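Chemist: Each chain, letter by letter, is given below.
There are 2 protein chains.
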Amino acid sequence: MLLVKALEDKILSEGSVLPGNVLKVNGFLNHRLDVPFIMEMGKEIARLFEGCGVNKILTIETSGIPIAFAAAQEMSLPVIFAKKHKSKNLSDDVYSVEIESFTHGNTYTAVVDKAFLNEGDNILIVDDFLAIGNAVKGLIKMIESAKATTAGVAVAIEKGFQNGGDALRQKGIRVEALALVDSMDDSSVTFRK
Amino acid sequence: MLLVKALEDKILSEGSVLPGNVLKVNGFLNHRLDVPFIMEMGKEIARLFEGCGVNKILTIETSGIPIAFAAAQEMSLPVIFAKKHKSKNLSDDVYSVEIESFTHGNTYTAVVDKAFLNEGDNILIVDDFLAIGNAVKGLIKMIESAKATTAGVAVAIEKGFQNGGDALRQKGIRVEALALVDSMDDSSVTFRK
Numbered sequence: 001m002l003l004v005k006a007l008e009d010k011i012l013s014e015g016s017v018l019p020g021n022v023l024k025v026n027g028f029l030n031h032r033l034d035v036p037f038i039m040e041m042g043k044e045i046a047r048l049f050e051g052c053g054v055n056k057i058l059t060i061e062t063s064g065i066p067i068a069f070a071a072a073q074e075m076s077l078p079v080i081f082a083k084k085h086k087s088k089n090l091s092d093d094v095y096s097v098e099i100e101s102f103t104h105g106n107t108y109t110a111v112v113d114k115a116f117l118n119e120g121d122n123i124l125i126v127d128d129f130l131a132i133g134n135a136v137k138g139l140i141k142m143i144e145s146a147k148a149t150t151a152g153v154a155v156a157i158e159k160g161f162q163n164g165g166d167a168l169r170q171k172g173i174r175v176e177a178l179a180l181v182d183s184m185d186d187s188s189v190t191f192r193k
Numbered sequence: 001m002l003l004v005k006a007l008e009d010k011i012l013s014e015g016s017v018l019p020g021n022v023l024k025v026n027g028f029l030n031h032r033l034d035v036p037f038i039m040e041m042g043k044e045i046a047r048l049f050e051g052c053g054v055n056k057i058l059t060i061e062t063s064g065i066p067i068a069f070a071a072a073q074e075m076s077l078p079v080i081f082a083k084k085h086k087s088k089n090l091s092d093d094v095y096s097v098e099i100e101s102f103t104h105g106n107t108y109t110a111v112v113d114k115a116f117l118n119e120g121d122n123i124l125i126v127d128d129f130l131a132i133g134n135a136v137k138g139l140i141k142m143i144e145s146a147k148a149t150t151a152g153v154a155v156a157i158e159k160g161f162q163n164g165g166d167a168l169r170q171k172g173i174r175v176e177a178l179a180l181v182d183s184m185d186d187s188s189v190t191f192r193k
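Sequence order for the protein chains is A and B.
For the first sequence, position 60 matches number 60 in our numbering, and the numbering has no gaps at all.
For the second sequence, position 163 matches number 163 in our numbering, and the numbering has no gaps at all.
These aren't lab readings, by the way, just hints derived from the structure by calculation.
Note that the coordinates shown come from a computational prediction; the quantities given were computed from them, not determined experimentally.
Built from N, CA and C at the ideal position, the CB exists for glycine as well.
One should not assume that every hint holds.
Derived list of chain B stretches under chain A, where covered just means 3 residues or more per stretch with a C-beta under 8 Å from a C-beta of chain A [what the hints assert, rightly or not]:
id: 1; region: 34 to 41
id: 2; region: 61 to 73
id: 3; region: 104 to 117
Please build the complete structure, drawing on both the sequences and the hints.
Modeler: Given below as structure tokens:
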């Protein structure tokens, strides 16, 4: 809970709200990385999912990688990061999904090498942000394709008013957000209690 | 030195050489992340640059981030990662450079917010691979634009036969590679002694 308070304070003091529902936290989470702080977030994720039998962490490039890495270090697990596919040819050796990006206003293909997701895996999805939830939904599809299970979803910041997290919770998926933003505008950010 | 040997062994046992001088180490370094091992590489980088007055680590998305994060954690430093720019409009608030990618056969623009590189910074560049060295040269240009200094370059794997590392060394820049590949083909990888 100390970590949650520290993250909320950091969002309020260092973050800024940009047009188009963008919460900019470039200064510590996704351009400049506050490494000791991200490690603390990783520890909190590890605490939340302790004893859940997670054997692998899955994230997506780019900005999910640091927090996934931090959680994985604490949990002594490997990280797989889905790659944004650049070329037109898809190999048969990958799981792939189309993901619509809210932030960038485009659609891209994410891929994971089939060797890295296996039947019976129990996978924790970790990312920096959860908003509409398209990236997470795409990752869950890949996990299902591999006949693995999703242990849950952990994110640094959920934008609750975009409903992606609650839609996942209604499907029975455990979603943990270290900070859950209920509303925001250019003068204030309000967290869910 | 134990780490160097462990990395060489890992490259030999888990890596593979693909056409076009590609050394594929997807299984531990840049798709699946062997987190404890990457932490060990980070510790070795920290040891090599101990006492050099580094105050910041600079890398470039995507696959430089895990090893930069690991080194930064050991050195208690922040990481800045240069972003591959997606839109056509560049803000005045960023340092930008054009980088020709050997792996992907294209040219892209990398950007760093000017707020995150400052005059007087002494910056360690960390990346997963060093081959021709175009990415590192681009990062050094950004550091120079900010009137900061480059403390050195640390990479997991240098492909020595592509000469990027030696060209930097000849300019007086300290370059440390944890594993330095002198030659490779589809049946063998030889390391520099």
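Chemist: Tell me, which hint numbers fail for this structure?
Modeler: none
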